[in-house]
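Under mature numbering (1 follows the signal peptide of the UniProt record, and there is no 0), the residues of the sequence shown are numbered -22 to -1, 1 to 104, in order.
Think of the hints as simulated: they come from the structure by calculation, not from any bench. The structure displayed is predicted, hence computed values, not measured ones. Backbone N, C-alpha and C fix where the C-beta goes; we use that ideal spot for every residue, glycine too. Mixed in with the good hints, there may be bad ones.
[Said to hold, decoys possible] Pairwise CB distance ranges, derived in the manner of DEER restraints: (1) P24 to A77: 17 to 25 Å; (2) F(-2) to R51: 24 to 32 Å; (3) L48 to A(-9): 16 to 24 Å; (4) W27 to V56: 36 to 44 Å; (5) S100 to L70: 38 to 46 Å; (6) A62 to W101: 19 to 27 Å.
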Amino acid sequence: MTWLRRLGPVWCLALSVAAAFAAVWIQGRLYAACEPQTGPGPADGPYVWFFVIPATAVVALAASSAGYILTMRARIPVSYLAPAVALVAACLVVWGAVAWNYDPDSMTEIWCNGGKPDWWPSWLPL
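Put together the whole structure using the sequences plus the hints.
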């Protein structure tokens, strides 16, 4: 149990950084696939570096830490799931950041069906 308590801060911090960059990477791929290529787009520049990455990292850190702490406070058999719960929380933050920043109405390319590229999973709403 002690190793799980020591792993928590490092794991949640790593997840938050990975979640922030994953959200930016996915958003960049979405814009590259569906936005007309007329120069730098919303997935580039200061907005990404000074708002999207820090905001996503902070929210992912809060969500993964909350999930980790709440799971660790549960009974011993459940507490071993704390890293997985934190990972799921970080993944939900990534999806939320991508869905919040993505505007399908501005996507005009013909290969984006309803603002979603072909590689986007059909079961995952955007």
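**Item:** Hint numbers not upheld by this structure, sorted from lowest to highest
**Value:** Hint 5 alone not satisfied by this model.
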